[in-house]
Amino acid sequence: MRFAEEFRSRELVKSIADRIRQKCQKQWTLMEFCGTHTVSIFRHGLKSMLPDGVKLVSGPGCPVCVTSKTDIDKILALCDIPDAIVATYGDMMKVPGSKFTLAEKRAQGADVRVIYSSYDAIELARENRGRKVFFIGIGFETTAPSTAAAVRRAKEMGLQNFKVLSLHKLTPPVIGALLEGDCAVDGFICPGHVCSIIGAKPLEPIASGYGKPCVVAGFEPGDVMQAILMLVAQLEEGRSEVEIEYVRGVTYEGNSNALKIMEEVFDITSSEWRGIGVVENTGLVLRGEFADFDASPYVPQQIRSEPDPPGCKCGDILRGEMLPPDCPLFGRLCKPSSPIGPCMVSSEGSCATYYLYARSEKWMNL
Amino acid sequence: MDEFIRLAHGSGGDASKSLIEFLVGKYLKNPIVESLEDSAVLEIDASRIAFTTDSYVVHPIFFPGGDIGSLAVNGTVNDLAMVGAFPLALTLSFIIEEGFSFEDLNRLMESISRTARVAGVEIVGGDTKVVEKGSVDRIFINTAGVGMVPEGMSISSGGARPGDVVILSGTIGDHGIAVLSQRQGLRFETTIESDTAPLNKLVEAMLEVTHDIHAMRDPTRGGLATTLNEIASRSQVGIAIDEDKVPIRSEVLRACEMFGLDPFYVANEGKLVAFVPESVAPELLESMRKVDTGKHAAIIGRVTAQNEGIVLLNTRVGGERILGSLSGELLPRIC
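Taken in sequence, the protein lines are chains A and Y. The first sequence begins at 4 in the working numbering and counts up by one. The second sequence begins at 63 in the working numbering and counts up by one.
Since the hints were made in silico from the structure, they are not lab data. Think of the CB as a built atom: it goes at the ideal place given N, C-alpha and C, for glycine as much as any other residue.
Selected chain Y positions facing chain A (in silico; Cβ < 8 angstroms):
(1) R378
(2) G381
(3) G386
Computed list of lysine-lysine pairs in BS3-like fashion (alpha-carbon distance at most 25 angstroms, straight line):
(4) A/K72 to A/K102
(5) A/K50 to Y/K307
(6) A/K26 to A/K58
(7) Y/K307 to A/K17
(8) A/K29 to A/K58
(9) A/K204 to A/K263
Quick look at which bits of chain Y chain A covers, simulated, 3 or more residues with Cβ under 8 angstroms:
(10) 70-79
(11) 367-377
Please model the complete structure; the sequences and the hints are all you need to start from.
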């Protein structure tokens, strides 16, 4: 077993597509929460294989896209601290703050390093003891445990110059927040990587409380198509349950070690989501005993961020209320090479994905 | 227009294109440079001379399957070969950082002379500059080259026609992944080697079969996807590619998945893509496969009159989507 090839076979994907077509009688709108799913759907051309009754919309599951402009401005402010090294994952580099992107800040001389793991930032702090290393902790429950592990490691090593700006976000409560708004989604393709940490259990309030079926899906084309089939079956049969398609990666209870270290290092707080607003219980801050490693005290108190450029519809797109091509800026003023909104920046942002994989009208309207 | 140069301006994708259009369109207007081909073709008396230059800044300078020296020779030889020219001579210029070791310089010169011998070109001139520590990263190389274009030969990126088949000379993504595997902080064990190689012998073998090559390019920075898009837009045609026909090593595919890269955008340094009439394709493929750099040559798609300027991909699982050009920065300093 190679864990990927089986889920990429043309015969398998086609047979699932046939079953979706047979099962689907009504019109259903499904949201793929996660940007990795959006990319998989587009990259494999899955929309072209679905019946007209199944419409897919992208959700807010791209960590870069939902980071508020104020938070980007905070990172930019950290760059201005003398002798600071800002260590970040690469996809943050191009997100526009009020005035600049991190890439532009680096071009102007700031010491910004692209890293691939939280432990690379620990290494930077160890090699540069005389300088402060600000690690930008970003991502959902998938990356939060590795940030937590780095903080604990820094404490063990007594690395006082290692500081974390925690911009981490939690996913299940934000799905609830979307459903409180104008989001006309019938069911959710839920993020396999997030659920490999938290398990499928935290999705229960969505299925039972809001009556929206949830299926946790893997990322291969066969996984995504199977999850769509399971959602269509639930909807056509009038069920609303939490199901796991990605059984090879996800359990109902989740990864207890990862959950434990998150709990040890972080407290849950509210968090500002771009396009959605402040959502209770969706943010993570360092607990008191790790305060020495918190970058927040280094961020200037008064950051006044500029409003989004006129016409930018990232908020509507992140809430699943608009598709990227319907934004007046899409493909004209806003492109991956000169992005205006964050959804055009990240390689997993829904606008960037539409732009790369579905630029012409025929494919956009699928 | 941007206020500053960003790394994306060197990535080979959309930003590079807009930078070149700005430089050429604003300051260097003339029909030869505006054609934006891999080499300029100059008519001097009765001869047609191809002329090109390229600079190499790859990091690290030694990588599996090659080094900055072999890359500098092959890259310029290939730019000449892509317009159907027979490479004649190169110049070689170094910008070296103070403190660079003679041991490494020896290694590079050995590699450069070996590569030039394989390609059958002479290095006839050059230049050396040494700069203070920190002014460049170890060593940068520039090569320029001239070649002779046979009479009647006219290969450009704008000549693809509906009905043409698309031939790719081998596997994609090897160079980019080989370089990536050596990067600081990313090092991973791999057997993947760069495909850096001179393509002039392969082109000669192709020209022995037919001169009816409508368009040709070597897909370097920006990868195969970006090159196909350039050809679709300059030739004003549509291109349909079958994903399962595109040769790719499984190790390269795995590495791409691990790093979230799409192999269609990863750089190659020893591959070409050619657009030819379907009737000559079988014989052409047969002769390409006899040359080492063409042994995995395959037909990967065809040219259509519909969907002008667009490259479509029939995906491995049976779906259909657009294969766009690279936008933004994939990996800096890949060549």
